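J.: What follows is each chain in one-letter form.
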Amino acid sequence: MKTLEITNLKKSFRSNFLIRKYHILKGIDLSVEHGEIYGFLGPNGAGKTTTIKCILGLLFPDTGEIQINGQPADSIAARSQIGFLPENPYFYDYLTASEMLYFSASLFALPQAVARERIDLLVKLVGLEGREHLKLRKFSKGMIQRLGMAQALIQDPVCLILDEPFSGLDPIGRKEFRDLILALKGQGKTVFFSSHILQDMEMMVDKVGIIINGRISRQGRLSEMVAGSTQCYEIVCAQLSEKQLAQITPHFASRDNQFIITLDNEADINLVVESIIHNNGRVIAVNPVKKTLEDIFLHEMKEVQ
Amino acid sequence: MNMHIKGLVLNTFRESARNKMFYLLVFFGIIFALSSKLISFLTLGDTMKVLKDTGLAAINFFCVLIAIFTGINLVYKEIEKKTIYNILSKPLTRDHFIVGKFFGLALTMLVALLAMASIFFLLVLLVGGGFDLKILLYFFMLYLELLIIVAISLLFSSFSTPILSFIFTVSLYLIGHIMWTFNEFKSLLSSRLWVNFTQALYYILPNLDKFNIKNEVVLGLPLHAGTILFSILYALVYILALLAVTIMIFRKREFQ
Numbered sequence: 001m002k003t004l005e006i007t008n009l010k011k012s013f014r015s016n017f018l019i020r021k022y023h024i025l026k027g028i029d030l031s032v033e034h035g036e037i038y039g040f041l042g043p044n045g046a047g048k049t050t051t052i053k054c055i056l057g058l059l060f061p062d063t064g065e066i067q068i069n070g071q072p073a074d075s076i077a078a079r080s081q082i083g084f085l086p087e088n089p090y091f092y093d094y095l096t097a098s099e100m101l102y103f104s105a106s107l108f109a110l111p112q113a114v115a116r117e118r119i120d121l122l123v124k125l126v127g128l129e130g131r132e133h134l135k136l137r138k139f140s141k142g143m144i145q146r147l148g149m150a151q152a153l154i155q156d157p158v159c160l161i162l163d164e165p166f167s168g169l170d171p172i173g174r175k176e177f178r179d180l181i182l183a184l185k186g187q188g189k190t191v192f193f194s195s196h197i198l199q200d201m202e203m204m205v206d207k208v209g210i211i212i213n214g215r216i217s218r219q220g221r222l223s224e225m226v227a228g229s230t231q232c233y234e235i236v237c238a239q240l241s242e243k244q245l246a247q248i249t250p251h252f253a254s255r256d257n258q259f260i261i262t263l264d265n266e267a268d269i270n271l272v273v274e275s276i277i278h279n280n281g282r283v284i285a286v287n288p289v290k291k292t293l294e295d296i297f298l299h300e301m302k303e304v305q
Numbered sequence: 001m002n003m004h005i006k007g008l009v010l011n012t013f014r015e016s017a018r019n020k021m022f023y024l025l026v027f028f029g030i031i032f033a034l035s036s037k038l039i040s041f042l043t044l045g046d047t048m049k050v051l052k053d054t055g056l057a058a059i060n061f062f063c064v065l066i067a068i069f070t071g072i073n074l075v076y077k078e079i080e081k082k083t084i085y086n087i088l089s090k091p092l093t094r095d096h097f098i099v100g101k102f103f104g105l106a107l108t109m110l111v112a113l114l115a116m117a118s119i120f121f122l123l124v125l126l127v128g129g130g131f132d133l134k135i136l137l138y139f140f141m142l143y144l145e146l147l148i149i150v151a152i153s154l155l156f157s158s159f160s161t162p163i164l165s166f167i168f169t170v171s172l173y174l175i176g177h178i179m180w181t182f183n184e185f186k187s188l189l190s191s192r193l194w195v196n197f198t199q200a201l202y203y204i205l206p207n208l209d210k211f212n213i214k215n216e217v218v219l220g221l222p223l224h225a226g227t228i229l230f231s232i233l234y235a236l237v238y239i240l241a242l243l244a245v246t247i248m249i250f251r252k253r254e255f256q
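Going line by line, the protein sequences match chains P and W.
For the first sequence, position 104 matches number 104 in my numbering, and the numbering has no gaps at all.
For the second sequence, position 231 matches number 231 in my numbering, and the numbering has no gaps at all.
All the pointers check out, no bait thrown in.
Below 25 Å or equal to it, Euclidean Cα-Cα: the simulated DMTMM-like pairs (lysine to aspartate or glutamate) are:
| hint | chain 1 | residue 1 | chain 2 | residue 2 |
| --- | --- | --- | --- | --- |
| 1 | W | K82 | P | D170 |
| 2 | W | K252 | P | E87 |
| 3 | P | K26 | P | E65 |
| 4 | P | K135 | P | D170 |
| 5 | P | K21 | W | E254 |
| 6 | P | K2 | P | E224 |
| 7 | P | K141 | W | E80 |
| 8 | P | K21 | W | E80 |
| 9 | P | K185 | P | D29 |
| 10 | W | K20 | P | D93 |
| 11 | W | K82 | P | E99 |
| 12 | W | K252 | P | D62 |
| 13 | W | K214 | W | D132 |
| 14 | P | K135 | W | E80 |
| 15 | W | K81 | P | D170 |
| 16 | P | K302 | P | D206 |
| 17 | P | K290 | P | E36 |
Simulated from the structure, these hints should not be mistaken for laboratory data.
Here the structure is a predicted model, which means the values were calculated and not measured.
Build out the structure end to end from the sequences listed, making use of the hints.
T.: Below, the structure is given as structure tokens:
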């Protein structure tokens, strides 16, 4: 079952006194299944935020259709199922965290008792316990991001839309957010998020969509994209001289009294390992080097250019 | 009231009430209303009349300032600070947003006016005057005028910068108090086209003088129920029309 479905989404902006038209989205098609984590990847200016703004009704598409659980995304019914965390979220700095969350709850028409229960839970969940009564103008960027996540979860949404959720977070915060998103997936929630941080994305997503110049250049399951994608093999060895190693293979590099040999073919591994042992060397590890999301992304970028 | 709108109303009120500018203007309004007592000592004539005249003028001036300053910033700040992203992504319409903002401002103005009016009534009692129902009516009519000013500033704030909104709102406020000149001006025109144009402007622009009953209150002139009822009806229709235009503009607005 599809939670989010976008069909032929196009969006352009006029500028230079309405003369020139800039096509930002040139026909986006994507779908996110229920309970999936979808990573929306793309360089700056590719159209990620524009797509998200179209989903949320902040921008009006030129053409195309956006549906949340089979309902038009601009309907009240669809909106009540979405939790949204904007990029660099801005909240009213004259409110406290608790007041901000109560305000969010009121926009979903949550009864007071339910709101209180949700807020108590969410404050703990995002790590803002003890800071509920602090004015937001005293919050750091990371704390604002945590509050943003809490308000996105206020009505226990079916679908979360997160625009650059890791920005402003320190490494511990990023890890906690990753764990939280994975826990939400465990609860059956659908998560659609954009990010520049490929490592974070690689650790979490089920599906990836790469957007370049307003078009989805590649989309699919991450496991399928990287499957069978061993680029080369690395052999880590030690107790050899550079001269000895040069006789075995020219493709090596030294690091911390160790050598790393790079081989293109699997068939050469045995031969090289035997040669190392024959020269009284020590083989420490043999690693296949797989394609990463970064390699796939850079490849797509090159293809488009 | 719709729960979504209630949340917006209370938050708008909270925003205004936590703004230092709001307190400053209410404070000055009260100070100037109190200083009318001093002025009444320094001038010749009926002390009570001078006190009412200057006190009500001071309250009027500061309430109009609060209405303009809070109104012109309200929607603009939401867009500029991007807090609107968070609100419009929630299950409420843009119509809810505008209506919520308007009622939030209306509540803010009510609190400001009540604060100033209470001090003024106290002052009148202390000076030896009694409770004058006409003064209460004056504040009610002032409140209607303030609601129109709030709706005008909200309209401009929905598509313009605070500086432009300020210029537009103040211009309309000033024009609104000299609407009677339109009729005189019309009699000087010879072209039918210009006469019609002036007539159209007379009906379109806000006639704020309808809400000014200060002379009747201060000088004790009679007030006609029919005129008051017409002014109330005028205010309601004008506010509804302004909100409808604001909503129409805001529905088409995109947030890049």
